[in-house]
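Dock chain B against the given chain A, drawing on the hints supplied.
Number of protein chains: 2
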Amino acid sequence: MKTRIGVGLIGFGTVGTGVAKVLFENAALIRRRVGVPVELLRIADLDITRDRGVAVPPGVLTTDVKQILADPAIDIVIELVGGYDFAKRVMLDAIAAGKHVVTANKALLALHGEEIFAAAESQHVDLGFEASVGGGIPIIRALTEGLAANRIESIYGIINGTSNYILSRMTREGHSFDAVLKEAQQAGYAEADPTFDVAGIDSAHKLAILANLAFGTPINFKEIYTEGITNITEQDIAYAREFGYTIKLLGIAKLHNGAVEARVHPTMVPSDSPIAKVEGVYNAIHLVGDAVGDVILHGRGAGSLPTGSAVVSDVIAIGRNVLKGAAGLVPPASFQQDQRRPIRLKPMDEISSLYYLRFMVLDRPGVLAQIAGELGRCEISISSMLQQGRREGQTVPVVIKTHMAKERDVQKAMCEINRQAFISEPATLIRVEGKDE
Amino acid sequence: MKTRIGVGLIGFGTVGTGVAKVLFENAALIRRRVGVPVELLRIADLDITRDRGVAVPPGVLTTDVKQILADPAIDIVIELVGGYDFAKRVMLDAIAAGKHVVTANKALLALHGEEIFAAAESQHVDLGFEASVGGGIPIIRALTEGLAANRIESIYGIINGTSNYILSRMTREGHSFDAVLKEAQQAGYAEADPTFDVAGIDSAHKLAILANLAFGTPINFKEIYTEGITNITEQDIAYAREFGYTIKLLGIAKLHNGAVEARVHPTMVPSDSPIAKVEGVYNAIHLVGDAVGDVILHGRGAGSLPTGSAVVSDVIAIGRNVLKGAAGLVPPASFQQDQRRPIRLKPMDEISSLYYLRFMVLDRPGVLAQIAGELGRCEISISSMLQQGRREGQTVPVVIKTHMAKERDVQKAMCEINRQAFISEPATLIRVEGKDE
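Chains A and B are the protein sequences, given in the same order.
Position 219, counted from 1, in the first sequence is what my numbering calls 219; the numbers after and before it change by one each time, with no gaps.
Position 370, counted from 1, in the second sequence is what my numbering calls 370; the numbers after and before it change by one each time, with no gaps.
No lab work stands behind these hints: they were computed from the structure.
A portion of the hints provided could be inaccurate.
[To be verified] The calculated lysine-lysine pairs, modelled on DSBU-like cross-linking and capped at a C-alpha distance of 30 Å, are:
{"no.": "1", "chain 1": "B", "residue 1": "K21", "chain 2": "A", "residue 2": "K254"}
{"no.": "2", "chain 1": "B", "residue 1": "K277", "chain 2": "A", "residue 2": "K254"}
{"no.": "3", "chain 1": "B", "residue 1": "K277", "chain 2": "B", "residue 2": "K406"}
{"no.": "4", "chain 1": "B", "residue 1": "K2", "chain 2": "A", "residue 2": "K2"}
{"no.": "5", "chain 1": "A", "residue 1": "K324", "chain 2": "A", "residue 2": "K346"}
{"no.": "6", "chain 1": "A", "residue 1": "K88", "chain 2": "B", "residue 2": "K412"}
{"no.": "7", "chain 1": "B", "residue 1": "K277", "chain 2": "A", "residue 2": "K277"}
Owing to the predicted nature of the structure, the values given are computational and were not obtained by experimental measurement.
So here's chain A without its partners, still in its complex pose (with noise of 0.2 Å):
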């Protein structure tokens, strides 16, 4: 019987810092839910001298990443270098010494999560994720174990902290985008290169795991289409609450006839929906399953500690599996890895939706009449009209909310509409997740 479970951390940067803290801070309770000490022994990074406000004993910091995966006495690794290249490498030689790997690194598992699964499975050994999607939101465990049962119908949400945060604030304050990213990034809550987060890179990565876990099928992280946050403007925002929505930047997959829709964008939700109330650095996941019907998950989705909380989770359930010399029991990829089936993923414009488009016309007579013209040719039809003031010869707004439509015909219409002599720039589209009314 092993008398402890030993613990290599590589990365002690901002989650490898929330990491250490937990495992040393609540080292007892741990202790008392696995059994026998869990001990972090070795924490690897390029920087071993900066004072990262947690108490290291001596001995534990290395600049060499070897003195972890050679070490017989680490049983779990944790890989929080995070990037692509030298993570990969690590993970897969710890996997090859037979050690468990536990990440946050959705970015490497949307695109070599499949390499990594396999290699697992094939190693017998645990890989733990739960710290890759919603910071210390049990979500990876909910779609593995808790709505196991379920045949999954759709999955969504709002996860990526950093562009809830300026939508947020956007919403409340009525600022522009640049001005709140700014603010957001002398307070800490954006990077000083925010392109993964706004640009809605970082949301495609994680929805590419949890449609991945929840449908049984490899995803291809670059067929998901990807856009974000930084062409919402403040008229769109005012606009959708006066339809009675708010604009949310969403992942969103879905199951429909044997096809996935996963997809990131800007979304109207109805502002009294529970997704609509997610403020600031929080992230919401809202499930549907066949038997279970709607579940959501609603907590911080990122920071230091939050995500330490799920890392460390991970290292108890392998701690425990570890004690009773049991590996795989849950598939990292929720089906067993021979039991998972290739599914098409539907191209955008193969999908269906509500839509809101604002139009920036000419205002002069009949230009309504040939917008709704053009967009009744496409087979789209608009389910409420808005169109404020009246200033003849200048540039005003039309804006419009169509009943459900095709992606395809909404993209040719505004193509057509964005040729007409009246419209002065080209036509805004966001989607809307709601009822048809």
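Here is chain B on its own, set in the frame of chain A:
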């Protein structure tokens, strides 16, 4: 290597029917997740002739529980008979026969959980009870696994769908408790004898389980302060709204200075909080952990299929364990049995809270001063006071919100004030969760 997992179901009522539907209809999906077929081999019930709307293969139904307990092909016994004595005997017999057990029986676990946990531990079998709290919401797994890295500070929520349905309708429609209860009974949302639900007993059963897992301590169910919703009036709901609150029946458990607080009572929560917006038969549970911060899980708290989803999630988890010859990986109480510690449960008069107090008084000069004076003498300070209309010589309500106060002091003040001649009926007291402003 086993080529299938055999399941026996005891109790073919509402939840049993849901479990059978999920196991039959999602058999292919469950097989893909577990690796081998999970087969419902036997269903035992006293009534095996009634049509339950689910097609059961011939030979599966039996009236004899022994056909399940003695069948070596059955690995997992699902106990859904409810109640105490017979259910407990079935579970202990199944455990003694080396079978893993899954149950939704919160009443039994709240009263005899320790004995059942210990039996499962000593027989090295798994015990699943995800379905005992929150219907389809994976809250048990969140406590035992997903948030296991955290010292849980508090857990509270709406954990009884019937009483939430009644309160939601009273709030929305302004009707009385009796009127809404009658309608709920006709619509099938409340039992003919609704005592367990509306008196808070069902919530207290579930809270006992949650507090046990959250804090790693046996909870004496009988020590949980339990107050139901039968005395909630339309008037108090309306006053709550004026103060910005919504009345919900909450189960609340907190760990403070080495003592546990566990109580079920109608509670005013800020109307803009997520818990206030949980409507109808939905449940929601709010946890605060030292690392993760706050997490909210929301979903259907009851019903055949949602509860079936939770039961079958346990069957899947145990099935995966059985295939690997592993059991007891996750201790049922989240903490290892020998690592649980008795923690003192605070008597109700030791708690502190904000309070809403409503006095029905004869409207005459000096009454307000007498009430305020008595509260002051008991160390209770008033945060706001409402007296509507003046009807000299008649009975009028005086409504008060307090700052943080001690339950003991508040009860003492109530006693004193209720004795006064100007009081026309005993005062109403509703505890308030939220910020002390």
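Structure-based check of all given hints:
no.	hint	verdict
1	B:K21 <-> A:K254	holds, 23 Å
2	B:K277 <-> A:K254	holds, 26 Å
3	B:K277 <-> B:K406	holds, 28 Å
4	B:K2 <-> A:K2	holds, 27 Å
5	A:K324 <-> A:K346	violated, 43 Å
6	A:K88 <-> B:K412	violated, 65 Å
7	B:K277 <-> A:K277	holds, 10 Å
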